[in-house]
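I would like the entire structure built from these sequences, with the hints used as guidance.
Given next are the chains, with one letter for each unit.
Protein chains: 2
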Amino acid sequence: MTLEIPEVVINRLPVYARALAALALDGETVVSSQTLGERLDVTPAQIRKDLSYFGRFGKQGRGYNVLGLLAKLREILGLDRKWRVCLVGLGRLGQAIAEYGGFEPQGFQIVAIFDSDPASVGKLVNAVHVHDSAELDSFLRQNPVDIGIVAVPAHAAQQVVDRLVNAGIRAILNYAPMTPHVARDVAVRNIDPVLAMQSMTFYIKKAEPSGK
Amino acid sequence: MTLEIPEVVINRLPVYARALAALALDGETVVSSQTLGERLDVTPAQIRKDLSYFGRFGKQGRGYNVLGLLAKLREILGLDRKWRVCLVGLGRLGQAIAEYGGFEPQGFQIVAIFDSDPASVGKLVNAVHVHDSAELDSFLRQNPVDIGIVAVPAHAAQQVVDRLVNAGIRAILNYAPMTPHVARDVAVRNIDPVLAMQSMTFYIKKAEPSGK
Chain Y
88 MTLEIPEVVI NRLPVYARAL AALALDGETV VSSQTLGERL DVTPAQIRKD
138 LSYFGRFGKQ GRGYNVLGLL AKLREILGLD RKWRVCLVGL GRLGQAIAEY
188 GGFEPQGFQI VAIFDSDPAS VGKLVNAVHV HDSAELDSFL RQNPVDIGIV
238 AVPAHAAQQV VDRLVNAGIR AILNYAPMTP HVARDVAVRN IDPVLAMQSM
288 TFYIKKAEPS GK
Chain S
88 MTLEIPEVVI NRLPVYARAL AALALDGETV VSSQTLGERL DVTPAQIRKD
138 LSYFGRFGKQ GRGYNVLGLL AKLREILGLD RKWRVCLVGL GRLGQAIAEY
188 GGFEPQGFQI VAIFDSDPAS VGKLVNAVHV HDSAELDSFL RQNPVDIGIV
238 AVPAHAAQQV VDRLVNAGIR AILNYAPMTP HVARDVAVRN IDPVLAMQSM
288 TFYIKKAEPS GK
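Line by line, the protein sequences give chains Y and S. Following this note's numbering, the numbering of the first sequence begins with 88 at its first residue and continues without gaps. Following this note's numbering, the numbering of the second sequence begins with 88 at its first residue and continues without gaps.
Calculated from the structure, these hints are not laboratory results. Warning: the hint list may mix true and false statements.
Note that identical chains are pooled: a pair holds if it fits in a single copy or bridges any two copies.
[Said to hold, decoys possible] Subject to a maximum C-alpha distance of 20 Å in a straight line, what follows is the list of computed PhoX-like cross-link-like pairs (lysine-lysine):
#1 K159 / K293
#2 K169 / K159
#3 K169 / K293
And the structure:
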């Protein structure tokens with residue numbers, strides 16, 4: 088049944104959850120779809136429609152219970168659990184990812200790092216062991232991981248994605264500047280600031296008086 | 088007229104351009120929407136429809152001229168120019184952004200960095216001067232910038248976004264874990280790996296045999 092929920096709806100739920108968590112920190116106990124929408128530049132109708140996929144929330148004219156809706160969204164998204172993450176690639180970007188402090192408080196724990204540089208293998212980065220990339224497959228079979236983060240160069244990325252998927256991983260966070268191919272039952276999210284900027288220049292280009 | 092092009096279409100164009108550039112590097116001169124679609128996990132019909140917003144490309148049954156379509160997409164998106172970028176925030180994340188080598192080859196040049204830490208102000212990072220955040224507004228009025236990258240903590244981000252927009256910037260790349268409010272004529276893209284992972288756990292949670 089839930090199979091028919093559009094991916095764009097699923098992608099908005101973490102944004103709602105984050106806003107609700109911020110409201111809860113501010114001491115708010117109830118929020119209307121109007122107020123929540125204004126915080127997020129989403130229409131109230133959109134919020135109500137998105138949430139309607141998962142049941143009935145809030146009372147007519149009363150708004151949503153902040154903590155109640157937050158708990159429900161966390162349950163829907165699986166944010167009430169710990170998720171095991173591995174990182175492949177320990178170049179400059181991989182290093183920044185390994186040292187990023189924002190994953191663990193949200194339940195995403197990097198349990199292993201893989202790199203092919205002998206100078207890195209065997210080290211600890213942010214208290215996580217760096218393994219030889221050659222050990223990726225055997226490690227993952229013995230230590231199942233939920234999410235794989237790919238931070239290798241573009242030319243090596245598809246092969247890494249394939250190895251992660253073959254080892255049973257069903258969620259890939261890809262930082263390499265390419266579009267990985269995966270089977271339909273594998274989720275992929277691409278993090279690419281260059282693509283993000285390239286999708287904005289269309290608009291600022293149009294806004295210029297010269298029209299060029 | 089082009090005002091009616093859906094944002095999702097614009098967001099796919101840089102992905103097409105990147106794939107075409109890779110094909111050109113491989114020596115390919117012609118590509119069908121079928122082949123391009125397979126590379127990108129997009130249907131051929133979707134590609135043809137997206138491109139149809141901008142005119143007629145390719146010949147029936149002959150496919151697209153790789154370099155011709157690439158040049159056209161680069162012109163549409165404004166990728167054939169240089170864009171001036173400023174970075175606000177030089178914490179661990181800002182440092183990684185400042186040192187990232189992938190922006191400049193794509194035409195995005197970081198021309199100034201702003202931070203409020205006196206220990207950083209006055210330094211050069213990747214040959215770019217670090218200014219005091221207090222100078223942000225006056226600097227931008229004298230040195231117009233096209234895109235602002237926000238890499239400050241969540242609690243400080245909205246104020247930074249407001250200052251960038253007030254100084255005339257119409258495109259914001261936001262790394263802070265919050266949803267900024269901007270006027271309708273300002274483009275914003277959010278880079279948030281935690282949200283990306285949170286939107287995948289819904290799917291891997293469902294895939295587990297326990298159904299929990």
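Taking the hints in turn, this is what the structure says about them:
1. Taking identical chains as interchangeable, the C-alpha atoms of K159 and K293 lie at most 20 Å apart only when they sit on different chains, with a minimum of 15 Å there against 42 Å within one chain.
2. Taking the closest pair of Cα atoms, K169 and K159 come within 20 Å of each other only inside a single copy of the chain (17 Å); across copies the shortest separation is 46 Å, beyond that limit.
3. Taking identical chains as interchangeable, the C-alpha atoms of K169 and K293 lie at most 20 Å apart only when they sit on different chains, with a minimum of 15 Å there against 45 Å within one chain.
In this structure, none of the earlier numbered hints is contradicted; all agree with it.
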